[in-house]
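Trainee: Assemble the whole structure, with the sequences as input and the hints as a guide.
Chain order of the listed sequences is A and B. Count along the first sequence starting at 1, add 27, and that's the number in the numbering used here. Count along the second sequence starting at 1, add 12, and that's the number in the numbering used here.
The hints are simulated quantities; they were obtained by calculation from the structure and are not laboratory data. A portion of the hints provided could be inaccurate.
Unchecked claim - In silico DSS-like cross-links for lysine-lysine, where the CA-CA straight-line distance does not exceed 25 Å:
id: 1; chain 1: B; residue 1: Lys469; chain 2: B; residue 2: Lys338
id: 2; chain 1: A; residue 1: Lys59; chain 2: B; residue 2: Lys111
id: 3; chain 1: B; residue 1: Lys46; chain 2: A; residue 2: Lys100
id: 4; chain 1: B; residue 1: Lys179; chain 2: A; residue 2: Lys100
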Amino acid sequence: MTTLALYSIKGGVGKTAAAVNLAYLTAQAGAKTLICDLDPQSSATYYFRVKPKLKAKARGLIKPGQAIDRSIKGTDYENLDLLPAEFNHRNLAAIFDRLKRSKQRLQKILKPLQAEYDVIILDCPPNINLLAENVFNVADHILVPLIPTTLSVRTHRQLLNFFKKQNYDTRKIYAFFSMVDRRKKLHVELSSLVTQEFKRVLQSPIPYLSQIEQMGLHREPVPAFSPNSAASKSYQALWAEIQACVLSA
Amino acid sequence: MKDSMIYENLKFRLPDHYDQQQMITNLDEQFPIKPEPPQAVRLAFYDTFDWRLYNNALVLYHSEHGLFLRPLSDVTVLQQARITTPPVFVRDLPDGAMKDKLSAIIEMRALLKLAHVYCYTTTYRVLNQDEKTVVRLACEEYRPSDEQSAPVLAVYLVLKPVRGYDKNAHQIADHLKELELAITSEDPMQAILKNSGKTPGDYSGKLNIALSPDMRADEATKKILCFLLDIMKRNEPFIKGDVDTEFLHDFRVAVRRTRTALSQIKGVFPAEISTHFKEAFRTLGKLSNDLRDLDVYLLNEESYKALLPADMRDTIDPLFEYLQEKRDAALQHVINSLESRDYTRLIRDWTAFLQAPAGDSPAASGARRPIINVAQRRIDRVYRRIVTAGYRILENSDDELLHALRIECKKLRYLLEFFTSLFPEKKINALIKQLKQLQDNLGDFNDFDVQIEYLRKIAEELPLTGPRSRKTLLAIGRVIEKFENEKQAVKVAFVDVFTGFAAPANQAAFKQLFKPKKKEGAR
Chain A
28 MTTLALYSIK GGVGKTAAAV NLAYLTAQAG AKTLICDLDP QSSATYYFRV KPKLKAKARG
88 LIKPGQAIDR SIKGTDYENL DLLPAEFNHR NLAAIFDRLK RSKQRLQKIL KPLQAEYDVI
148 ILDCPPNINL LAENVFNVAD HILVPLIPTT LSVRTHRQLL NFFKKQNYDT RKIYAFFSMV
208 DRRKKLHVEL SSLVTQEFKR VLQSPIPYLS QIEQMGLHRE PVPAFSPNSA ASKSYQALWA
268 EIQACVLSA
Chain B
13 MKDSMIYENL KFRLPDHYDQ QQMITNLDEQ FPIKPEPPQA VRLAFYDTFD WRLYNNALVL
73 YHSEHGLFLR PLSDVTVLQQ ARITTPPVFV RDLPDGAMKD KLSAIIEMRA LLKLAHVYCY
133 TTTYRVLNQD EKTVVRLACE EYRPSDEQSA PVLAVYLVLK PVRGYDKNAH QIADHLKELE
193 LAITSEDPMQ AILKNSGKTP GDYSGKLNIA LSPDMRADEA TKKILCFLLD IMKRNEPFIK
253 GDVDTEFLHD FRVAVRRTRT ALSQIKGVFP AEISTHFKEA FRTLGKLSND LRDLDVYLLN
313 EESYKALLPA DMRDTIDPLF EYLQEKRDAA LQHVINSLES RDYTRLIRDW TAFLQAPAGD
373 SPAASGARRP IINVAQRRID RVYRRIVTAG YRILENSDDE LLHALRIECK KLRYLLEFFT
433 SLFPEKKINA LIKQLKQLQD NLGDFNDFDV QIEYLRKIAE ELPLTGPRSR KTLLAIGRVI
493 EKFENEKQAV KVAFVDVFTG FAAPANQAAF KQLFKPKKKE GAR
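Mentor: Below you can see the structure in the form of structure tokens.
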């Protein structure tokens, strides 16, 4: 059983796209997979054509037990289930804060599911708050999409510093390049600098490609609607590298 | 925690020549449906010769996607392993849940291919307004080959609910029921095996002989012996193929039971016939003694090693290498004797004798007696002999006496198993269970004793040179020491086990079933 988090302090870095496509590839490989949409923007939920829960009454993530089991939806793909986003996930950090052991809430909630699934993938909202700290505790590995820009690199440094300060295990963090534009000189240069500066930087980049944006139109993972496209291949390469370097490490 | 139906598939049997295309078209008018590209997959089914998986309600099959284990009559895969070549033994499986589960069931037995089949599946996805899949309907068609003309062995429509969309699943299920399609729990494997002439569960090492109390004793005995001959004949080709160790084991047990039947069911055949075949089967049994011993040592390699401290474990390897070499020779010896003229003649003569109609021979006085009387008298006598011998051992626990008692117990066990069908099932099974405890104790004692003896002998003939050999001998010595301790412990335990076996309640139970009733007015 492995729990992987797709996490970034910044928004709009290709986090949800990666979570959805990696979850699809994992399930296709035969692993029983659950993708948890923790982001109230509910993009992952949308991609799988599931309606997010807009009702005010929180169920799944707040009260552990039966509720979460009932919230889970099967997707269009074998082996792949989804825990849909709920609108009040926007308050999760505040709700956890009021509870005991507030940084381990997510761990407690996901525990029964960890027995049922081979892989759990968390699609996290862009934030560094109590919910994020819950993610840092529950995830075995944290995958951080990194756009090769100066600001992104700076943010990554901030994340690592936060980990060190709060005594989280920085070895959990793996970065991979996202939305890479090979035509931009800066992207190419920064990519090599990042690899030099940080440990655990994966070498399979996700390029900036229109097929990835088309996921919103198709409402399907890229490898499902365009299996031989460059975008699909880049996620497959990333997945292979994660299996080889992260999961077997 | 789980609702009644959420995760369960519903399987409907489609009648022969059913127009499923039309049915889907009709369904599409009410529920939007999207078909997926049809898929064809070749499945090969596996089980052990004695149907261990089938007896545990499990189905193991291999396809290009890997190896799958599922419950009988259910499509939900319990475990899967991504291996391209199907395994023969448990040790060929990758470590994981499937290996753990199967090793307890299959143990040392080989997996044999039962049959293969081509499964053609078309999956129809039922969609909601968001074009989200809410139910899957899979049409599965099984054919014995991939030729167009191949007959259809079975067709099913499987309703696979999608988690979280129970209402839709209920809706579709109701619709299918209205079409009067019947829900079935039959397993396609049954039809596939039937097609290839196989009957699940048709072999077991256990005896299952239906006798009636007033059958002539010679006929009943022949029926028992025929059953045993059949076991020998069925195992024999697999011994020659060296498929796994248990074919020889079952063969040998059948030979031993044959000898016991010939010697213990007295007076039913002419003496010279009984003597001749008893002797012939004794020789046959002896031919494979070495091979069986070696099989047992080699099967127990891991447990031998477990007796040694971790850093000593490898040092005993030369012993097992040597035993393996010896086994190759012993196997050849057994194969040669099974291919010999003597063996062919024995089986031919024996078959002829068993098939000949029962005649009246003055040399066999008991031939016409009802089998129930013969059975009762013999079981009663052997039982009483065991009780007497056991009490003697409580006073003097000589090793030889324990060996003799073990052999007597084996005879009693075989007799009880030959004649099980003549007595109330519950009662006789309870007695067999009681006896088994005593046999286990005596068997353990014998195993340790024999192994100690064998290891001492083999240590002398091991071709050892150099400093490694000292370590090997040291390891063997260590194992012998452990066995000596175990042997003494088993001997101590005998007192309690035997006292339980000879307890008044148990004696009374034996008496009630087997003590010949005195004829009324015969004083």
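Trainee: Taking 25 Å as the top limit, are the C-alpha atoms of Lys46/B and Lys100/A close enough?
Mentor: Holds - the C-alpha atoms of Lys100/A and Lys46/B are around 19 Å apart, at most 25 Å.
Trainee: Measure nothing beyond the straight line between the CA atoms of Lys59/A and Lys111/B; if it is 25 Å or shorter, mark the hint as holding.
Mentor: Holds, because 19 Å separates the two Cα atoms, which is no more than 25 Å.
Trainee: Sort out whether Lys100/A lies within 25 Å of Lys179/B, counting only the CA atoms.
Mentor: holds (13 Å)
Trainee: Checking one constraint from the list: CA of Lys469/B to CA of Lys338/B, max 25 Å. Satisfied?
Mentor: holds (14 Å)
Figure legend: structure checked against the earlier numbered hints; every hint is met.
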